[in-house]
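4 protein chains.
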Amino acid sequence: MSKESIKRIKNRIYVIIFKSNTRKGKLFDVALLLVILVNLLAVMFDSVEYYHDYYGTVLRIVEWVITGLFIIEYFFRIWVLNRKAKYIFSFYGIVYLLAILPSFIGLFIAGTHLLVVIITLRLLRIFSIFQMNNYTRQGNILIRSLLSSWSKISVFLLSVIAVITVLGTLMYLIEGAENGFSNIPISIYWTIVTITTVGYGDISPVTPMGQIIASITMMLCYAIIAVPTGIITAEALNQNKGNIACPRCRTENEKESNYCKKCGEKIIG
Amino acid sequence: MSKESIKRIKNRIYVIIFKSNTRKGKLFDVALLLVILVNLLAVMFDSVEYYHDYYGTVLRIVEWVITGLFIIEYFFRIWVLNRKAKYIFSFYGIVYLLAILPSFIGLFIAGTHLLVVIITLRLLRIFSIFQMNNYTRQGNILIRSLLSSWSKISVFLLSVIAVITVLGTLMYLIEGAENGFSNIPISIYWTIVTITTVGYGDISPVTPMGQIIASITMMLCYAIIAVPTGIITAEALNQNKGNIACPRCRTENEKESNYCKKCGEKIIG
Amino acid sequence: MSKESIKRIKNRIYVIIFKSNTRKGKLFDVALLLVILVNLLAVMFDSVEYYHDYYGTVLRIVEWVITGLFIIEYFFRIWVLNRKAKYIFSFYGIVYLLAILPSFIGLFIAGTHLLVVIITLRLLRIFSIFQMNNYTRQGNILIRSLLSSWSKISVFLLSVIAVITVLGTLMYLIEGAENGFSNIPISIYWTIVTITTVGYGDISPVTPMGQIIASITMMLCYAIIAVPTGIITAEALNQNKGNIACPRCRTENEKESNYCKKCGEKIIG
Amino acid sequence: MSKESIKRIKNRIYVIIFKSNTRKGKLFDVALLLVILVNLLAVMFDSVEYYHDYYGTVLRIVEWVITGLFIIEYFFRIWVLNRKAKYIFSFYGIVYLLAILPSFIGLFIAGTHLLVVIITLRLLRIFSIFQMNNYTRQGNILIRSLLSSWSKISVFLLSVIAVITVLGTLMYLIEGAENGFSNIPISIYWTIVTITTVGYGDISPVTPMGQIIASITMMLCYAIIAVPTGIITAEALNQNKGNIACPRCRTENEKESNYCKKCGEKIIG
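Those protein sequence lines, which keep their order, are chains A, B, C and D.
Residues in the first sequence are numbered from 32 upward in steps of one, following the numbering used here.
Residues in the second sequence are numbered from 32 upward in steps of one, following the numbering used here.
Residues in the third sequence are numbered from 32 upward in steps of one, following the numbering used here.
Residues in the fourth sequence are numbered from 32 upward in steps of one, following the numbering used here.
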């Protein structure tokens with residue numbers, strides 16, 4: 032095969048893998064997405080006893096085949112690029128490599144302790160697919176909203192943690208171990224479950240005094256829960272206007288600003 | 032009967048059925064609404080064992096009578112119109128026909144598997160009544176709000192699903208089958224129940240490590256829940272101003288715009 | 032006693048009872064508030080078996096004394112006014128009379144079925160005290176916010192009710208009576224408990240299919256719950272600006288407007 | 032040691048303790064923060080039976096050592112200042128003293144009833160560290176938001192309390208003691224648990240009538256929960272603009288205003 036034809040093939044594969052705005056590139060992305068979803072489903076179903084017992088072999092073959100596909104894809108990715116080293120050590124280069132390794136190891140060593148790593152890396156792969164689309168911009172706005180509200184939110188969280196700690200200790204003293212509030216950490220866990228309105232009901236106040244304090248807590252958090260919402264909404268509105276608040280001094284700056292016009296703080300854009 | 036008098040009757044019925052802004056048309060709409068509500072209540076009560084056993088015959092007669100009324104109404108609807116075929120195959124024409132068929136079939140074949148279809152179609156009929164009123168405009172604003180925030184919300188949902196999957200897997204590894212986290216899908220179900228603050232309490236963390244991770248999750252979702260609220264509020268504010276954000280580039284456009292003034296994207300109005 | 036001195040006494044009592052902006056009037060209001068609160072607490076504690084058994088007589092005497100005070104106050108209210116009939120048949124005149132009657136009847140006839148009436152009327156009395164303060168204005172803004180968002184909220188509620196009905200029926204068919212979803216009304220109750228994120232856990236899905244549908248429901252309501260918040264926030268912002276949206280056509284009108292400048296609809300101010 | 036060298040040492044310690052913007056001052060703050068966190072963790076773990084039984088001695092030694100450090104730090108704080116009396120009786124001076132006393136007493140008298148006091152004082156110490164940083168400004172904005180919405184929120188809370196009381200009484204009459212609604216206070220506790228969407232499930236309606244009323248309650252609170260969010264968001268938006276609403280008459284004032292331009296009310300800045 033002539034060097035010319037190899038170069039042509041390389042170029043064609045390059046377009047398929049890296050150019051997501053072409054028809055073939057899109058097809059490749061969709062196929063990759065489906066493979067990863069099948070992979071994730073296989074991992075999940077393997078954790079269900081019934082499927083593990085009856086379809087365990089099938090699920091393991093699926094795992095094998097997909098790991099194989101990932102390895103082939105990874106080598107093609109490297110092969111078609113000129114600046115190989117740079118790509119291998121880039122963020123997504125490492126994610127792609129790591130996405131292969133755990134299931135590779137998992138094929139030889141039994142155990143479930145790698146599951147979280149596998150699933151996280153697979154999900155990162157999914158995000159890397161969407162990275163190439165215009166969805167990213169919306170994500171950036173969201174992250175920017177959260178970042179520029181961060182100093183407000185951190186004060187809020189610190190205060191909430193303080194309130195939770197005091198309330199947890201109070202409930203521990205009032206209710207005591209015989210009503211499920213066995214120790215302060217458990218009491219704090221209960222307070223968090225209550226104040227976030229999750230309310231499992233695995234622990235709940237029994238004494239009248241405990242119920243009164245629980246009631247006051249819930250009523251208060253009724254107003255408190257509105258605070259972060261208000262902060263982020265105000266931020267989202269600014270984003271819509273195209274303004275961005277300075278993370279340090281909260282001065283509103285124009286859309287394209289890189290530094291705050293008042294205090295010179297770098298603005299994350 | 033002369034052709035003339037038939038035409039007069041036809042016209043009178045047409046006004047009653049189709050002209051909801053006349054007095055008679057309104058009365059017909061209200062009567063129809065009541066019949067459908069009685070119908071829905073009959074279907075619901077029939078599912079309660081006590082009523083099924085003691086009033087089963089009455090409920091079945093109600094069903095018979097109402098199905099009869101629907102058939103009569105459907106034939107009148109077709110009869111008074113000139114362009115019959117067009118109406119029969121229109122969206123509501125099909126809904127009206129389908130609204131009759133299932134209860135018709137249900138009269139001969141026993142079974143509850145058609146219930147969802149029946150109830151959905153009956154509810155669609157109710158919506159078709161309100162369709163004719165000025166409520167629709169408000170509904171449109173709501174739908175427009177949701178649509179124009181869709182790209183933001185989809186990024187948000189994707190991220191939330193990723194977080195839920197990772198957290199679910201983590202809790203499965205930490206808590207394990209002996210504490211109710213039998214497999215990854217169940218763990219993900221628990222994570223969703225927790226992160227949406229529903230908190231049934233059918234499954235809840237028991238190990239200290241599980242409770243710490245659950246606590247962090249709940250605290251985080253405290254801030255996360257504010258995100259969609261902020262997005263939709265910002266959108267609702269724009270709607271109030273009469274502005275509408277471009278679904279692609281988020282530029283604010285005037286009330287009557289059909290295409291974005293910046294990027295030319297079609298705006299859903 | 033001269034007619035003159037009676038008139039002076041009358042006037043003095045009038046000031047105490049009706050002029051809440053004087054020092055004596057304020058003291059009277061506070062005293063009245065305390066008496067009503069003691070009354071409410073007495074009614075509540077009487078429902079607790081322990082207090083009913085051991086302090087029943089004390090609580091009944093408190094009830095007697097307070098009813099006596101209310102009767103005396105009512106007669107003084109009437110006595111000092113010139114236009115007695117008008118006051119007796121005004122809204123608060125009737126509330127004051129009704130606030131006495133039930134406990135009066137309750138002294139002779141045993142039974143708890145009047146409790147809700149008693150408590151509601153006592154609370155209305157508390158509101159009548161605050162009515163005279165500048166708190167009312169804030170309450171009016173709130174009510175105006177809710178009223179002027181009403182058409183939006185009603186469309187929203189109608190859609191939510193439709194979704195709840197369909198989901199309830201679906202879960203009834205999927206889960207069935209053996210998992211607690213005994214009939215459609217109970218299923219709808221479960222759907223409401225879930226979609227409002229209350230989540231008692233008295234009924235919860237057991238089958239995988241039911242858990243999947245429950246999960247989707249909860250995720251959806253995550254976005255849905257943001258809708259009324261957004262609507263009311265947008266309304267509250269308009270109120271702050273002093274603008275008020277027309278309840279019919281949503282045009283923003285100036286602060287003091289009584290009729291919409293566009294469609295002439297009466298604006299509730 | 033010459034008087035000169037003592038003064039130099041005094042000055043050096045003064046910088047370390049009080050000047051948090053110097054490198055040494057920052058290190059001291061971080062060290063103090065860590066000591067308090069270790070202290071808090073020791074108190075919490077001591078409440079867990081397992082740690083109390085096996086590591087009780089270690090935890091008590093940690094408590095001893097840290098109390099010792101606090102005493103030394105307190106004396107240094109007083110020693111280096113010129114105006115000692117003023118500092119001792121200042122807010123944080125008293126907090127620092129009180130932060131030592133309870134654990135000092137706790138060393139001699141056994142018992143857990145001082146726990147809440149200890150933890151609250153320790154948390155106040157943590158806040159006093161952050162007091163010196165620019166976080167305070169954000170906290171002030173939050174507090175200002177809440178304060179200037181207070182009159183709106185208080186009307187809202189009063190109405191909610193009234194609704195809760197009436198609903199609680201109603202549910203007590205409908206469900207009765209045999210379904211867990213033993214008395215009115217317990218019923219009100221259940222109503223609060225429901226209306227705040229916590230939903231423990233320790234008490235839940237059983238009768239059809241009770242479930243219908245519970246459903247309506249939850250649906251209503253769906254809209255109600257949006258009210259405080261809307262109020263605080265509107266306030267937060269004003270804060271962002273730099274405007275601040277007058278706590279009395281709600282007129283918007285410029286950023287640096289100390290008194291309302293309309294009614295002259297003092298503005299909390």
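Read the hints as simulated data drawn from the structure, not as lab findings.
A few of these clues could be false.
In this list, chains with the same sequence are indistinguishable; a pair is considered to hold if it fits within one copy or across any two.
[To be verified] Subject to a maximum C-alpha distance of 25 Å in a straight line, what follows is the list of computed SDA-like cross-link-like pairs (lysine to any residue):
#1 Lys55 x Thr88
#2 Lys57 x Ile192
#3 Lys117 x Glu80
#4 Lys57 x Ile97
Taking the hints in turn, this is what the structure says about them:
1. Proximity of lysine 55 to threonine 88 under the C-alpha cut-off of 25 Å is found in neither arrangement, the shortest distances being 33 Å within a copy and 63 Å between copies.
2. For the identical chains of this complex, lysine 57 and isoleucine 192 are inter-copy neighbours only, at 23 Å across copies versus 46 Å inside a copy, given an alpha-carbon limit of 25 Å.
3. Taking identical chains as interchangeable, the C-alpha atoms of lysine 117 and glutamate 80 are never at most 25 Å apart, the minima being 43 Å within one chain and 55 Å between chains.
4. For the homomeric pair lysine 57 and isoleucine 97, the shortest alpha-carbon distance inside one copy (20 Å) is at most 25 Å, but the shortest distance between copies (52 Å) is not.
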